[in-house]
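Position 343 of the sequence shown, counting from 1, maps to 416 under the working numbering, and the rest follow consecutively.
To be clear, the hints were calculated from the coordinates, so they are not data collected in a lab. The structure displayed is predicted, hence computed values, not measured ones. One or more hints might be untrue.
[To be verified] Calculated lysine-lysine pairs in the DSS-like style (CA-CA distance at most 30 Å, straight line):
1. Lys231 / Lys191
2. Lys107 / Lys231
3. Lys231 / Lys202
4. Lys183 / Lys749
5. Lys107 / Lys84
6. Lys320 / Lys202
7. Lys833 / Lys749
8. Lys202 / Lys165
9. Lys202 / Lys183
10. Lys917 / Lys833
[Unchecked claim] Simulated restraints, written as ranges between beta carbons of each label pair:
11. His266 / Pro872: 24 to 34 Å
12. Ala198 / Lys84: 40 to 50 Å
13. Arg811 / Ala198: 12 to 22 Å
14. Arg584 / Asp228: 53 to 63 Å
15. Arg206 / Ser348: 21 to 31 Å
16. Leu432 / Met177: 17 to 27 Å
17. Gln591 / Gln157: 50 to 60 Å
18. Leu105 / Ala143: 43 to 53 Å
19. Met177 / Asp504: 25 to 35 Å
20. Ser348 / Pro102: 54 to 64 Å
21. Glu766 / Pro956: 53 to 63 Å
Don't be surprised by glycine CBs; every beta carbon is placed ideally from N, CA and C.
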Amino acid sequence: MLGVFLSYARKDGETRAAELRDLLTRDAPDILIKQDRLFLEGGDGWWKQITDAIDSVDFLILLVTPAALASGNVQKEWRYARQQGVCVYPVKCAPDSGLHFAKMPRWMSKSHFYDLDKEWPTFLAHLRKGCDRRRVAFMAPDLPPHFVQRPAEFDALKNLLLNPTRTAPVAITTALHGAGGFGKTTLAAALCHDEDIVQNFDDGVLWVTLGQTPDVLGSLLTAYAALTGARPGFSGVADAAYQLGEKLEERTCLLVIDDVWDHEHVRPFLRGGKSSARLFTTRDAGIGSAASPVNVDEMREAESLALLVQSVPNLEAGQARTLASRLGDWPLALELAAAMLRERIRQGDSASHAAGRLLQIIERKGVKALEDSTAALRHRTISSVLEVSLDLLDAHGQRRLAELSIFPEDVAIPLAAAGAVWELDEFDAEDLSRRLARLSLLKLDLERAILLLHDVMRNWLSGNLADQPAIHNRLLAAWPDWQNLPDLPGEYAWRWLPWHLAKAERHQEIRRVLWDPQWMRAKLKATDTNALIADIEFLKPSAEADLLQGALRLSAHVLAADAEQFTSQMVGRLLPHQDSPAIRQFVAELAATEAGPWLRPLHPALHPPGTALLRTLEGHSSDVFGVAVTPDGKRAVSASRDQTLKVWDLESGRELRRLKGHSDVVHGVAVTPDGKRAVSASRDSTLAVWDLESGRELRTLERHSDVVHGVALTPDGKRAVSASGDQTLKVWDLESGRELRTLEGHSDVVYGVAVTPDGKRAVSASGDNTLKVWDLESGRELRTLEGHSNGVYGVALTPDGKRAVSASGDETLKVWDLENGRELRTLEGHSNAVNGVAVTPDGKRAVSASDDKTLKVWDLETGRELRTLEGHSHRVSGVAVTPDGKRAVSASWDDTLEVWGLETGRELRTLVGHSDHVSGVAVTPDGVRAVSASRDKTLTVWDLESGRELRTLAGH
74 MLGVFLSYAR KDGETRAAEL RDLLTRDAPD ILIKQDRLFL EGGDGWWKQI
124 TDAIDSVDFL ILLVTPAALA SGNVQKEWRY ARQQGVCVYP VKCAPDSGLH
174 FAKMPRWMSK SHFYDLDKEW PTFLAHLRKG CDRRRVAFMA PDLPPHFVQR
224 PAEFDALKNL LLNPTRTAPV AITTALHGAG GFGKTTLAAA LCHDEDIVQN
274 FDDGVLWVTL GQTPDVLGSL LTAYAALTGA RPGFSGVADA AYQLGEKLEE
324 RTCLLVIDDV WDHEHVRPFL RGGKSSARLF TTRDAGIGSA ASPVNVDEMR
374 EAESLALLVQ SVPNLEAGQA RTLASRLGDW PLALELAAAM LRERIRQGDS
424 ASHAAGRLLQ IIERKGVKAL EDSTAALRHR TISSVLEVSL DLLDAHGQRR
474 LAELSIFPED VAIPLAAAGA VWELDEFDAE DLSRRLARLS LLKLDLERAI
524 LLLHDVMRNW LSGNLADQPA IHNRLLAAWP DWQNLPDLPG EYAWRWLPWH
574 LAKAERHQEI RRVLWDPQWM RAKLKATDTN ALIADIEFLK PSAEADLLQG
624 ALRLSAHVLA ADAEQFTSQM VGRLLPHQDS PAIRQFVAEL AATEAGPWLR
674 PLHPALHPPG TALLRTLEGH SSDVFGVAVT PDGKRAVSAS RDQTLKVWDL
724 ESGRELRRLK GHSDVVHGVA VTPDGKRAVS ASRDSTLAVW DLESGRELRT
774 LERHSDVVHG VALTPDGKRA VSASGDQTLK VWDLESGREL RTLEGHSDVV
824 YGVAVTPDGK RAVSASGDNT LKVWDLESGR ELRTLEGHSN GVYGVALTPD
874 GKRAVSASGD ETLKVWDLEN GRELRTLEGH SNAVNGVAVT PDGKRAVSAS
924 DDKTLKVWDL ETGRELRTLE GHSHRVSGVA VTPDGKRAVS ASWDDTLEVW
974 GLETGRELRT LVGHSDHVSG VAVTPDGVRA VSASRDKTLT VWDLESGREL
1024 RTLAGH
């Protein structure tokens, strides 16, 4: 039966609550109503009764009044409801002026507020439709039983997290590199449980633990799943980071990244979500240098004293102070010492005698008070404390604790797996685990049947454990016949079997398992594609393993939706590689072991691994005419026949946003030097200025009376110069959108324009066979460059701004002196129209692209043709030169791009992947990547060093 809980403030909402209850009783007898006045009973705690009621319903109806918004109890009710996945429906019970929407939580201010006087039927219909449950994640671990607050660090962190002007992540660091156990994780957990933090980050608290050798992709997937309930097959870390950032974008979350060892490990978690905060813990203060750091080292004396006195009944303050001093006020050491004292007291000793005895033992083992905070001394201290704690265990107990260090770092250990390693049944394994937990040597969660080892403890134990492969073998022997389509005990075994095989040095079995199609199918069903992709690392280095992993990556998005397509996908992608015996055998076994119906490709039908394509992103709906890259090389902006521009993340290949506003084809685009704005040129006779961060159109520049073919920006990013079919150029102020002046003088279409490096002059190329040099301040035509006998299609300037090189339909290029307008020389050699030209960064050479299917390299000083670059089978439509001047990238109507070494003229590689004409190409400022635009409706990002196609950008 559908249930609702009425949440309101009695001060100004009780009457409305009674009215709503009566309405629901009259019009919706099928809906169960829970209201505090009706179900609260004496005796039991009131809050438990409230939470039990919320747990039993589908909706919390929030009667929004000024008092309700100010009520702490009402806030607790809707916060708890959201954490349990109960839908919250706000009902407006006061005028807008009294509700202060700007002060509401982000999720609430964006919700629809029902006006029941006008929307009663709609409201009932929405209730009966049911709740689309989405829990607000709370992933933080519980606080330890004897938690001691550390107010200085806690308040500093809390203030940073709640600061409304916060722009950087917050790092909990320790000033001592390499040491652990200072309580950073516990402090982070305490922050997550703080009422103000929970209230501020009302879309949830996410928590991932990385460790020294993290599964970054798996951790990103864990956070994504907590937010969405879905576990998609990401193609890699960049893809997962982008997707998580997108999901955080509209939420206010706190994301805790615990135990960070490397800045590169935390970087993927910092994308997107401007309203969310990140808090990470690390041993290395350098990792937190870009964040707002708070150091957490030794406890203060009062905090250490409180930890010991609260943890150990009847412990004298003087003994506690001495013990804390001896242990360097180190939280982990204090916790272990307290656990050992409690164990001695449980065995009949007094607190005073147990503390005195412990001090004697520590003194005998040579432990000093930690005035010298060196890593070596801290390691000896933890060793001493651990050795003393272990003295309470017999030799077998010590050995069994050490054996737990074979499990992966920061991974929950199933109690059953620990029992297998110990060779104990489930009852004896639980008893031993309870004792180890009592001594604070590990944490035990009996409800989930898991053990957790502190990473400092694990590292210390591992360093003292011999013959680790044999222990891994013991675990493997306890699992079922994993070599023959196993029925492994739970997700841990499925996820970590190859890891344990590797640690057991059973490399032949790893190869046998990971090349077994039946085992792969079973693992896909039990885990996910990313887990299988990670497994293939154990087969490397191997060319065949690269192909297998590549095929899985290419198919990840398909298998995430339907794992039953595994055979079709793998066969389809690996068919072209059957010259490899391993691949040929794998494909044959795929077909032979597939029990269900499947589509069997007889010829290669899917993009294979090992070629240019890593993944395909579809979405373009028409031709792509142009592309520009931001100065940092991280984003591209594309212009399309579909009347839109799209902004792309070149790292992940993801479409960041769609810029829509033009009413006709977008011919070209330029990006400002700061990378924040783009200016587009369109057939609708306008230019548009866009904010690349938000995707918002800032202004439209309207004054041309015909197609705008191109646009160039001044180096300061303040002005744009446009070239149009109306035979004019216009200069625009990008801040105001005002037309500063019109440059008139051409007698035919103006195809292109370039601006000198000082931003003072522009050079235009026209169908009237001329170029013109313009003074941008006055709009005055300085001179006309005449000499071509056909239209001029393109122009490039040398870096010093003194010379121009023009490309013409008369099959020549010309070099011009811009100071006097004199033609310095004509570059002849092409046998058809010259479509484009690029100048090397040193200004000494030019590279031209022609309809004669070649490129030519020219010496601009002498006019001599240095070399001809042959290899294309169709007209060459464009060319770009890398910033180091060593390579050129050409775009051709033969659907390829080619990368050339300009020193030798040798064709370094051919970039194949487009299925239609390539109309343009741009190179990132670092010279590492190129972006091509094609009539196949895609842009493609290429790695110029390897020739590999990094990704295809489809969306127009």
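Hint check:
Between Lys231 and Lys191 the alpha-carbon distance is near 43 Å, which puts this suggested pair outside the 30 Å criterion. As the CA atoms of Lys107 and Lys231 are separated by approximately 36 Å, the hinted pair breaks the 30 Å bound. Among the hinted pairs, Lys231 with Lys202 is inconsistent with the structure: their alpha-carbon atoms are about 40 Å apart, more than 30 Å. Using a Cα cut-off of 30 Å, the hinted pair Lys183 and Lys749 holds, with the two alpha carbons roughly 27 Å apart.
For the hint pairing Lys107 with Lys84, the CA-to-CA distance comes to about 19 Å; that is within 30 Å, so the pair holds. Simply put, Lys320 and Lys202 have alpha-carbon atoms about 25 Å apart, close enough for the 30 Å limit, and the pair holds. Taking the CA atoms of Lys833 and Lys749, the gap is near 22 Å; set against the 30 Å cutoff, the hint holds. Restraint check for Lys202 and Lys165: the C-alpha separation of about 21 Å stays at or below 30 Å, so the hint holds.
Among the hinted pairs, Lys202 with Lys183 is consistent with the structure: their alpha-carbon atoms are about 21 Å apart, no more than 30 Å. Restraint check for Lys917 and Lys833: satisfied, since their Cα atoms lie roughly 23 Å apart, inside the 30 Å limit. Roughly 59 Å separates the CB atoms of His266 and Pro872, a value that falls outside the hinted 24 to 34 Å. Evaluation of the 40 to 50 Å hint for Ala198 and Lys84 yields a failure: the beta carbon distance comes to about 31 Å.
Here the CB-CB span from Arg811 to Ala198 is close to 51 Å, at odds with the stated 12 to 22 Å. One distance hint, 53 to 63 Å for the beta-carbon pair Arg584 and Asp228, holds here, with the actual separation near 55 Å. Distance hint check for Arg206 and Ser348: the Cβ-Cβ separation is about 23 Å, which falls inside the suggested range of 21 to 31 Å. A beta carbon spacing of about 56 Å between Leu432 and Met177 contradicts the range 17 to 27 Å that was offered as a hint.
In this structure, Gln591 and Gln157 break the distance hint of 50 to 60 Å, their C-beta atoms being roughly 40 Å apart. Between Leu105 and Ala143 the beta carbons are some 29 Å apart, a value that contradicts the proposed interval 43 to 53 Å. Here the CB-CB span from Met177 to Asp504 is close to 52 Å, at odds with the stated 25 to 35 Å. Here the CB-CB span from Ser348 to Pro102 is close to 42 Å, at odds with the stated 54 to 64 Å.
Checked against the hint of 53 to 63 Å, the pair Glu766 and Pro956 fails, with Cβ atoms roughly 25 Å apart.
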